[in-house]
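**Student:** Sequence:
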Amino acid sequence: QVQLVESGGGLVRPGGSLRLSCAASGMILSIYTVAWYRQAPGKQREWVATLTSSGSTTYADSVKGRFTISRDNAKNTAYLQMNSLKPEDTGVYYCNLKRIGESYWGQGAQVTVSS
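Quick note on the working numbering: the sequence shown kicks off at 1159 and runs consecutively.
It is possible that some hints are incorrect.
Said to hold, decoys possible - DSS-like mimics (lysine-lysine), calculated; alpha carbons at most 30 Å apart, straight line:
hint : residue 1 : residue 2
1    : Lys1201   : Lys1256
2    : Lys1244   : Lys1256
3    : Lys1222   : Lys1244
4    : Lys1244   : Lys1201
5    : Lys1256   : Lys1222
6    : Lys1201   : Lys1222
7    : Lys1233   : Lys1256
8    : Lys1222   : Lys1233
None of these hints come from the bench; they were simulated from the model.
Note that this is a predicted model, so its numbers are computed, not measured.
Using the sequences and the hints, build the whole thing.
**Tutor:** So this is what it looks like as structure tokens:
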């Protein structure tokens, strides 16, 4: 049974950092493209970052230079390191694993950036 479990969300002050985790079970994470998305209140879900199975990364302009996507194959876990957080980074963050014919989503992790 394929399952993605996210953790690491929370409340942080502007300028602070958080690291989100996406632990995969029932699959080998390293063969999938990993992506993070977020959804702010009242807004559509937006793409944040992608890590391909070959190791290439891309980021939305709004997070470039502040966020880092990575994975630990031994732990079968993907991460999103978020630094220099801003109030506009507030939202529910979702991890997504996909390859041709397959797409899996985590349950979401709330990130709130507020003073």
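**Student:** Hint by hint, note whether the structure agrees.
**Tutor:** Now for the hints, and whether the structure bears them out:
Proximity of lysine 1201 to lysine 1256 is assessed by CA-CA distance (about 23 Å); at most 30 Å being required, the pair is judged to hold. The suggested pairing of lysine 1244 with lysine 1256 holds, with an alpha-carbon distance near 28 Å, which does not exceed 30 Å. Taken as a hint, the lysine 1222 and lysine 1244 pair is honoured in the structure, with Cα atoms around 13 Å apart against an allowance of 30 Å. Under the criterion of a C-alpha separation no larger than 30 Å, the hint pairing lysine 1244 with lysine 1201 is consistent with the structure, at around 17 Å.
The suggested pairing of lysine 1256 with lysine 1222 holds, with an alpha-carbon distance near 22 Å, which does not exceed 30 Å. Between lysine 1201 and lysine 1222, the direct Cα distance comes to roughly 20 Å. Compliance with the 30 Å bound is thereby established for this hinted pair. The straight-line distance between the Cα atoms of lysine 1233 and lysine 1256 is roughly 18 Å, inside the 30 Å bound, and the hint therefore holds. Of the supplied pair hints, the one linking lysine 1222 and lysine 1233 holds, its CA atoms being roughly 26 Å apart against a limit of 30 Å.
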